[in-house]
Amino acid sequence: MNSMISHHDGTKTQRRSNLRALVPSWLNRPLLWFFPLSFLLVLFFYPFFRILAYSFNVSTLTTDNLNFAISVLFFTFYQAVLSTLLTLLIGLPSAYLFARFDFPGKSLLRALTAVPFMLPTVVVAAGFSALLGARGWINLTLMNSFGLSAPPIQFVGTLGAILLAHVFYNTTIVTRVVGNALYHLDPKLEQAARSLGASSRRVWWNVTLPLLRPSILAASLLVFLFDFTSFGVILLLGGPRFSTLEVAIYTQALQFLNLPLAALLAFIQLFCTLVFSILYTRVVERSAVQTAPRSAESNVRKAKTPNEKFFIIALCLLLFALFILPMFALPLRSVSRLDADRAQLGPIQTGLTMDYYSALFVNVRGSIFYVPPFDAALNSLLYASATIVLSLLLGFPAASALARPGRLEKILDPILILPLGASAVTLGLGFIISFGRLLTVPWLVPLAHTLVALPFVIRTLQPALASIPDRLRQAAASLGASPFRVWRNVDWPILRRATLSAATFAFTISLGEFGATSLLTRPDDPTIPIAIYRFLSQPGGLNYGQAMAMATILMALTTAGIFVIEKMRLPGAGEF
Amino acid sequence: MLELSNVSKTYDGQPLLRGISFTVDKAETICLLGASGSGKSTLLRMIAGLESPDAGGILWDGNDLASVPPHLRDFGLVFQDYALFPHLNVFDNVAFGLKMQNQSKEKINSRVAEVLEIVNLGEFENRKVTDLSGGEQQRVALARALAPRPRLLMFDEPLGALDRALREDLLNELRGILRRTGIPAIYVTHDQEEAFTIADRVLLLHDGLIVREGSPADVWANPESVWVAEFLGLGNVFEGLKVESLKVKTKFGVFAMKCGHKHQAGEKVHLLARPLAVEKEANMIRGRVRDVTFQSDRFKVTLDNGLFVYLDEAPKIGQKIEVEVKIECLG
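Chains as they are written, first to last, in the numbering used here: chain A, 36 to 611; chain B, 2 to 332.
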């Protein structure tokens with residue numbers, strides 16, 4: 036009996052793989068896995084174990100180091116908890132707004148609130164700086180109107196700036212995850228509760244909220260995870276006063292050259308993210324069982340009572356101020372001259388200007404150490420192209436294997452996603468510790484970018500590959516198509532969109548990547564985000580203006596990328 | 002008890018219900034029968050208070066319910082897809098309404114046990130509702146609606162999701178429960194067999210109006226309109242011209258019958274030819290046999306002119322036949 040079954044299975048897989056590829060079947064799986072796994076082994080697991088080795092060293096585990104680590108860990112927790120609570124405060128009402136009400140401009144507002152999630156941290160930091168920073172719209176307007184000599188609002192360098200940027204980033208997670216659950220909640224459940232004598236308040240407490248609890252928990256954990264591993268926001272908006280694990284790893288490794296302490300911090304970071312990721316997975320699994328969506332009957336409606344109308348208008352205004360203003364402040368600031376350039380004396384001409392953009396192409400200081408922004412853009416494009424090619428080359432075989440999971444794939448699937456849990460700065464640190472000698476080689480940056488992008492690329496390709504039923508290939512083969520023509524005429528047309536989407540993911544991720552790049556990049560080979568960071572930390576109106584101009588360009592490129600990904604998304608494929 | 006007067010509702014600018022009036026009396030089960038999209042479910046939801054009518058009144062014992070929110074109406078509602086709370090077990094689902102009345106623990110326990118006994122789910126208290134079969138889930142939904150002793154029970158296509166055999170069993174059980182408890186009920190369905198089995202009175206809903214109302218037997222015997230005859234599938238419906246007082250000329254021949262005094266000679270009338278062969282009828286349909294299908298206790302015979310009849314024995318294809326049938330005037 037047993038042998039019969041395995042024999043049957045054997046012929047089936049054989050036929051399938053004959054149709055799928057030109058590679059003999061016995062070679063298929065190991066061959067598919069060889070390159071992706073080697074890549075992870077060398078660039079993720081090896082650095083990971085080097086970090087472990089560094090942190091569990093007697094000379095590393097000193098009282099001073101541990102005390103430092105604990106205080107940093109405490110602040111990391113503190114700001115992440117605060118940020119998560121604030122995000123829920125805005126996100127839950129927004130989820131209710133989008134899931135239950137119909138109002139003019141709804142889809143536009145929802146699309147716009149989703150953009151920040153994918154924006155590079157340097158762009159977000161530049162956006163908030165353009166709105167609320169010392170040289171931002173609000174401060175300069177107040178200074179001009181009241182004749183003040185110093186900016187009245189202190190924003191950059193405060194905890195408030197960190198929290199606000201985190202809310203800006205992650206509200207869309209709550210809106211999507213909880214809103215989705217709320218939207219798919221069968222309206223008949225609430226109607227049944229009403230008919231059984233529950234007032235609308237008791238319906239909310241006894242039916243709606245318990246059913247939403249898993250999704251709220253899942254969203255909170257995800258938000259917490261992002262806040263916990265946040266790097267660019269803390270570094271750029273928090274300033275030197277605040278240090279989370281991520282920032283501490285960066286400063287210890289780059290400024291104090293204390294690699295053992297950086298490794299210890301990275302280990303703590305990895306451990307915490309692992310715990311929260313496991314918790315998150317548990318919650319997601321449970322929530323899938325609990326709220327089984329039933330009917331497609333819509334419970335989206337227009338506002339009826341004055342209270343509902345007030346709720347909608349107030350929340351829309353708040354979302355507009357929080358999400359749209361920073362994104363508009365940035366490009367507007369990049370074409371407006373509002374204050375003096377560095378060392379500029381005498382009256383300043385305010386008004387529209389393209390100076391900041393044209394300055395990007397000129398070596399103003401005539402310095403040989405100065406890298407013109409144009410070169411940074413070229414570097415970025417080069418790295419991004421390399422990242423696309425590499426991540427597709429590695430992602431395709433892995434996604435093909437995962438699309439038809441066997442026993443091997445069940446083990447490998449979570450392993451492939453692991454780099455997602457490790458923060459970018461930790462990846463960078465791992466590279467430094469493992470390949471220190473090679474750091475002068477520029478291609479470490481695209482390798483790190485590929486590591487970050489690979490989970491996204493695989494997750495984008497896999498559902499598309501899995502969506503092609505074998506019957507289609509068999510039908511094509513039985514109609515006389517050769518394996519190549521099967522691939523050409525069946526697989527490729529279906530995969531084209533997913534491939535473009537995956538490539539765009541790789542492109543936008545590489546373009547905006549800041550954490551790993553800031554550790555790995557060589558001083559004379561900056562990328563766009565690094566150049567923006569340098570401009571932002573230098574004095575003078577022109578430097579600031581150039582930061583605004585570059586950030587605007589980066590924002591435009593990234594937004595275009597997000598747009599492409601949204602357009603290409605398979606219907607029903609994952610939310611994030 | 003319950004009274005609807007001139008209830009109207011517009012949906013997306015289209016009139017869905019155009020002046021519905023009916024009453025439900027003590028211990029009576031009425032059935033709203035209509036095609037999907039005819040507004041039956043909307044009518045139920047308005048009675049439950051989940052939606053409000055654009056015009057007209059819904060009254061209970063003469064009191065307008067317009068200002069009474071759904072949770073204070075005491076009307077039980079049973080849905081097609083059960084709408085059981087997935088986060089609660091069987092006991093907590095059934096106890097939900099009792100808890101909303103803030104009843105004591107002992108009272109809740111005994112009442113839940115009692116209604117679970119009524120629906121034959123005595124041992125199911127601690128089961129998860131998501132683990133139950135469709136029929137069991139529907140029994141829980143019924144128990145949940147019964148538990149708080151509602152003044153009125155409403156069923157929105159309650160058996161639509163179940164297979165045929167189970168549907169018949171549950172329908173008979175439900176009929177028994179309604180008789181025993183004496184709770185007035187409104188049952189909404191698009192299935193005429195269900196409607197005729199459960200209802201004391203059937204109301205046919207079409208085009209936003211109640212087009213026919215009566216006991217199942219009465220409606221079956223006197224459809225009174227082309228739409229009702231066709232919707233219930235009572236037989237062949239065709240038109241003809243009235244030639245003299247008792248005669249109507251059609252493309253299938255001239256038939257004799259009584260047909261309302263209001264029709265003048267030369268006027269168009271609609272006829273219903275019941276498909277069952279009967280003896281001693283004045284009217285006869287004839288034609289050549291085109292198709293014969295076996296239907297368990299009879300044969301459905303389709304003629305080349307499109308008419309059909311039911312016969313006990315199968316004729317040969319192509320054979321010419323004559324069948325005596327009852328022909329009625331629909332007006």
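These are computed hints drawn from the structure, not numbers from a lab. Given the structure is predicted, the values throughout are model-derived calculations rather than measurements. Cβ coordinates follow ideal geometry from the N, Cα and C atoms, glycine included. Just so you know, not all the hints are guaranteed correct.
What the hints assert, rightly or not - If the Cβ cut is set under 7 angstroms, some of the chain A residues that face chain B in the computed set are: (1) L124; (2) S230; (3) S234.
To be verified - So, partial list: chain A residues that the calculated Cβ filter (under 7 angstroms) puts toward chain B: (4) Q226; (5) A227; (6) R229; (7) L246; (8) P341; (9) G441.
Verification of the hints:
1. L124: violated (25 angstroms)
2. S230: Holds, because the Cβ-Cβ distance from S230 (chain A) to chain B comes to roughly 4 angstroms (cut-off 7 angstroms).
3. S234: holds (5 angstroms)
4. Q226: Since chain B brings a Cβ to about 5 angstroms from Q226 (chain A), closer than 7 angstroms, the hint holds.
5. A227: Where the cut-off is 7 angstroms and the nearest Cβ of chain B is about 4 angstroms from A227 (chain A), the hint holds.
6. R229: Hint holds; R229 (chain A) Cβ to chain B Cβ min 4 angstroms, cut 7 angstroms.
7. L246: holds (6 angstroms)
8. P341: violated (17 angstroms)
9. G441: violated (30 angstroms)
Taken one by one, the earlier hints fail for this structure at numbers 1, 8, 9, listed in ascending order.
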